[in-house]
Amino acid sequence: MTTLKERLTADLKDAMKAKDELTLSVVRMLKSAVKYKEVEPGASELDDAGVLQVIAGLIKQRRDSIEQFKAGGRPELADKEEQEISVLQRYLPKQLTPEELTAAVQASIAEVGAKGPKDMGAVMKNVNPKLQGKAEGKAISEEVKAQLAKLS
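Per this note's numbering, numbering of the sequence shown is gapless, rising by one per residue and ending at 1631.
By construction, these hints were calculated from the structure, which means they are not laboratory data.
Some hints here could point you the wrong way.
[Said to hold, decoys possible] Below 25 Å or equal to it, Euclidean Cα-Cα: the simulated SDA-like pairs (lysine to any residue) are:
1. Lys1624 - Gln1611
2. Lys1516 - Ala1528
3. Lys1484 - Glu1519
4. Lys1604 - Gly1536
5. Lys1510 - Ala1583
6. Lys1549 - Lys1617
7. Lys1498 - Leu1487
8. Lys1514 - Gly1529
9. Lys1484 - Asp1526
[Claimed, not checked] Distance windows between CB atoms, simulated:
10. Gln1547 - Gly1592: 36 to 44 Å
11. Pro1596 - Glu1500: 44 to 52 Å
12. Gly1536 - Lys1573: 14 to 22 Å
Idealized CB from N, CA, C, for every residue including glycine.
Take these sequences, add in the hints, and give me the full structure.
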């Protein structure tokens, strides 16, 4: 089983051979972000979970940029960010469907014994590690909020 970092290196070579500029630039940026994270003080070599965190962070940055570009009337830049997100998502595990996300959140609410919105922190602490890389943090927190609101 190859690691994510090995897959990135292989994909970088393939993108060079195929002259796929988009994939090439995104994979280079991702490899750079991983390397940057590894050389931070107190950091060590990243495992797949660490690489997934870096990918999730880059996707979140792109989503924020898209909102900014759309608000600023720059749809061509927003489109470029969308394309970069689609390349980054290739490295994430299969994403949960909305139904699977709801079921996972409901299971965590039951495990924690949450009674309402004030228990959001406990539920998030329980559900986040289970869903890391399988759903975006924003989607998870919105689902937890919605489920807890029904309880109160």
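Checked hints:
With a CA separation close to 18 Å, the supplied pair Lys1624 and Gln1611 stays within the 25 Å bound. With a C-alpha separation of about 13 Å, the suggested pair Lys1516 and Ala1528 falls inside the 25 Å cut-off, and the hint holds. Between Lys1484 and Glu1519, the direct Cα distance comes to roughly 18 Å. Compliance with the 25 Å bound is thereby established for this hinted pair. For a cut-off of 25 Å, the pair hint linking Lys1604 to Gly1536 stands: about 18 Å separates their Cα positions.
For a cut-off of 25 Å, the pair hint linking Lys1510 to Ala1583 is broken: about 31 Å separates their Cα positions. Of the pairs offered as hints, the one joining Lys1549 and Lys1617 holds, with about 19 Å between alpha carbons and a cut-off of 25 Å not exceeded. Proximity of Lys1498 to Leu1487 is assessed by CA-CA distance (about 16 Å); at most 25 Å being required, the pair is judged to hold. For a cut-off of 25 Å, the pair hint linking Lys1514 to Gly1529 stands: about 11 Å separates their Cα positions.
Using a Cα cut-off of 25 Å, the hinted pair Lys1484 and Asp1526 holds, with the two alpha carbons roughly 8 Å apart. For the hinted restraint 36 to 44 Å between Gln1547 and Gly1592, the CB-CB distance of approximately 40 Å keeps it satisfied. Between Pro1596 and Glu1500 the beta carbons are some 46 Å apart, a value that agrees with the proposed interval 44 to 52 Å. Distance hint for Gly1536 and Lys1573: a CB-CB separation of about 20 Å, consistent with the stated range 14 to 22 Å.
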